[in-house]
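Peer 1: This is what each chain is made of:
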Amino acid sequence: MKDNSCQCLKWPYPLLYDKVQKVTTDVLILGGGIAGCWAAIAAAKKGVRVALVEKGATIRSGAGGSGCDHWESAATNPCSRISPEELTQAMIKAHHGYNNGISHYIECREGYDRLLDLERFGGKIRDTEDEFLEAEFRDEKTKFLFAYDYENKFTLRVWGTTFKPALTKECRRLGVKIFDRTMATSLLTEGGKQGAKIVGATGVNGRTGEFITFQAKATVLCMSRPTRIWLFSPGLPGISEFRPPQCTGDGHAMGWNAGAEFAMMEKSVKGEWSGLRSFPPYGTGNTHNTWYACNMVDADGREIPWADRDGRTLTDISLRYRPSLGQKLFLKGGGESDIPTYEFQGPDILPLEELLAKGFKLPFYADLTGMPEQERKAIWGLMVGEEGKTKIPILKTYTEAGFDPKKHLIQSYGDGWRSGGFLPQERQLFGLPGGMVNDWNLKTNLEGLYAAGDQLLASNCHGHAAATGHYAGRHAADYTKEGAVSKIDSNQAKKERIRIYAPLKGDGRIGWKEMNMRITRLMQHYCGEIKTEELLTTGLGLLKNIQKLEVPQISAQNPHELVRTLEVLNILTNAEIILNACMARKASSKPLHFRRSDYPEMDPPDWKKFITIKLEKNKVEIGEKPLDYYGQLKEKYESHNSDYLEEHGS
Amino acid sequence: MKGKKIFIHPETAALKPLSFNIELCDGCNRCVEVCQVDILVPHPNKGNPPVVVYPGECWYGGCCVAICPKPGAIKLNTPLMNRVYWKEKA
Ligand SMILES: Cc1cc2nc3c(=O)[nH]c(=O)nc-3n(C[C@H](O)[C@H](O)[C@H](O)COP(=O)(O)OP(=O)(O)OC[C@H]3O[C@@H](n4cnc5c(N)ncnc54)[C@H](O)[C@@H]3O)c2cc1C
Ligand code: SF4
Ligand code: SF4
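First to last, the protein sequences are chains A and B.
Under this note's numbering, the first residue of the first sequence carries the number 2, and numbering increases by one thereafter.
Under this note's numbering, the first residue of the second sequence carries the number 262, and numbering increases by one thereafter.
Each hint should be verified, as a subset may be incorrect.
As the list claims (entries may be wrong) - Pairs of lysine-lysine residues, derived as BS3-like cross-links and limited to a Cα-Cα distance of at most 25 Å, are as follows:
1. A:K397 with B:K331
2. B:K336 with A:K397
3. B:K266 with A:K20
4. A:K407 with A:K378
Said to hold, decoys possible - Just so you have them, the derived chain A footprint on chain B, three or more residues with Cβ under 8 Å:
5. 271-281
6. 297-310
7. 313-321
As the list claims (entries may be wrong) - A short list of chain B residues far from chain A (calculated; beta carbon distances all over 10 Å):
8. D287
9. C289
10. K331
11. A334
Rather than coming from a laboratory, the hints here were simulated on the basis of the structure.
In this text, a Cβ means the ideal position worked out from N, Cα and C, and glycines have one as well.
Chain A with its partners taken away, still in its complex shape (with noise of 0.2 Å):
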């Protein structure tokens, strides 16, 4: 039968696998995401030469690509009424301790100041068209509109869909060199050596299939964080999971075998949202992020009550957006702990069972008629537009199928904004996972080498990407003015282009869904919710395995298979890293909702501590820093910064 969607077809581009790009800069960003952006334009300001390497197309990659309705922590806007440091600590106390001193205090410090760049790129930040006159959440000299807590007033509600776009257009303006469809594959060390510093990277274009090297003097880690350990669907790839699909955590994988450190990599939490089991994000009823602080009803239509952090029942629905009696704030979104803090704990509808208890009946739905007007189109038209994946497929999808705010109510499938249910070994790195670990530059461990954004240890979230992207950018940038490039180790590039192009003569046998689908159901047996040394061991000793027997004969047939064949490779590595994190903490540990059954006490003294991870010689390196190894935030943060602070004021 024929069609116009056509059954076979040449494949459209150029075959240059035989080809050696090679390109020189100064500044290398790998990811041109939120955080890669950010790196990229903040380096080329300093007058330095900057090269981005993006896997898709930079004008939409990322998780923030499609938008953002929320930027949070912007502690220094003129509206805020808590300072970086204490939004700073109340996120670490929120988290146990178990978060990124640095980074956030960076995202409090300096998001704000990236809002207004945005602004000045073409980004929209503030009720400029005065959309939301005299609204709650509104501050009528700045038009600036805030969601969650209208007391203290640091996260604002913005137009995110037109972030990426703006982002890149001023990329473009200052020069920097963008390669968009080229994966990252590797790091280039100085003499080929794990543990040296980073001379630059290699990269293969999905497209085209050409081999590319970067030389550089800093380069700048920016590609997210896991996914696809322990959830794959081999027929919806792309909604595996919460992230872009191509988003498998390449850059951790990269870093690792380049000798990088990482902490926290056994923490993984029950499965938050995939597409084998929930709804749309953002498009069923819910009270939480976008959906903040939406009325709902049960099946009968009864109203369900919201209480404060001590069950006080809230009856004016503008109190869902105060602190509580004697309460200085709440977190809402990224920076709120799975495991809620009482201190920073939010209002909220009541726990289900309580619910149920009480009489009220399945299913709820969440309510958008009975909110006030102004809150009805902040949720339904700007929040639910703005948010990521929202414009077509809720706003216009539902619109289109005659969703309609004012007469409707959409149901509710979950608790909290899931939208579906997961078993406990159906794991995933969500809210702060680990990462890589970094000082008050924002580099890691190793010399010439720099990290920011959902890559870096205990991060999240677009305001945090934004601002530890600039930050990382600049920093990166002030050390290429300090030395000169080192010379890229030919071997070494030769070598990875062997190993990339290996599964291009496989035999067919093994395609690069069967092999994820390998991996998650050996994470869910071997690393799942109860883990023990036993079972650590032989799923380490199985992925040994698989790469000794398994990998050799993957294959692929284009350079698009071929991308995606060494994503799953990486995603390999990246078990390899959490397997070994989990069998390093042999404790268990509530925040880390990490469970050891040889070891069940949770959380003993002793181990309130990070678990770092490294590779030193191909050989795991066990190491630990304390929790609160980032020091005095203030003081650290301004010695590290007097040229920006002379600039932006303090």
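With chain A's structure known, arrange chain B with the ligands on it following the hints.
Peer 2: Relative to chain A, chain B with the ligands alone:
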């Protein structure tokens, strides 16, 4: 590998994320260029809608629809099992 010609067969996926209106689409390929997962390729015959070669890999973010200059030329199809229930308030 040199000079080797390769062919691709658009994958039969569990889902069909995109549909095109042949009348409205002029084959400008902007949707191809914006897709971060690179699931589309230009149609071999100029002027035709792109070919969705890797439908299963779609992230359903809708950036392809958002960038299309011809309203209605491209449509994002929510997977059937992901369609949400709503009802009129009594
Ligand atoms: C649907 C959705 C909505 C969200 N909404 C909000 C919100 O409203 N507010 C908020 O604060 N946060 C929000 N977040 C989170 C926020 O978007 C992320 O925290 C942020 O984008 C992280 O930035 P990043 O630069 O670290 O990663 P990303 O922005 O994801 O960028 C990573 C980039 O690296 C590229 N890449 C990956 N591997 C390679 C490789 N090997 N070579 C080259 N490039 C590579 C990817 O293609 C991608 O472009 C949302 C996330 C999602 C998914
Ligand atoms: S669907 Fe739209 S963007 Fe894509 S080729 Fe057709 S006209 Fe261009
Ligand atoms: S929805 Fe996103 S992933 Fe799917 S085709 Fe469009 S741009 Fe690509």
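Peer 1: Could you run down the list of hints and mark each one as holding or not?
Peer 2: Going down the list of hints, with the structure as the test:
Straight-line distance between C-alpha atoms of K397 of chain A and K331 of chain B comes to about 15 Å, which keeps the hinted pair within the 25 Å bound. Restraint check for K336 of chain B and K397 of chain A: the C-alpha separation of about 10 Å stays at or below 25 Å, so the hint holds. At most 25 Å may separate the alpha-carbon atoms for a hinted pair to count; K266 of chain B and K20 of chain A meet this at roughly 16 Å. Using a Cα cut-off of 25 Å, the hinted pair K407 of chain A and K378 of chain A holds, with the two alpha carbons roughly 10 Å apart.
Counting residues of the segment 271-281 of chain B whose CB lies closer than 8 Å to any CB of chain A gives 5, which reaches the minimum of 3, so the coverage claim holds. Interface restraint, the segment 297-310 of chain B with chain A: holds (10 residues with C-beta to C-beta distance below 8 Å; minimum three). Under a criterion of three residues with beta carbons nearer than 8 Å to beta carbons of chain A, the stated coverage of the segment 313-321 of chain B is upheld, 8 such residues being counted. The beta carbon of D287 of chain B is kept farther than 10 Å from every beta carbon of chain A, the shortest such distance being approximately 14 Å.
No beta-carbon of chain A comes within 10 Å of the beta-carbon of C289 of chain B; the shortest separation is about 15 Å. Consistency note on K331 of chain B: stated as away from chain A, and its beta-carbon is indeed over 10 Å from all of that chain's, at 15 Å minimum. With a cut of 10 Å on Cβ distances, A334 of chain B stays outside the contact zone with chain A, its closest approach being about 13 Å.
Going through the hint list in order, the structure satisfies each hint without exception.
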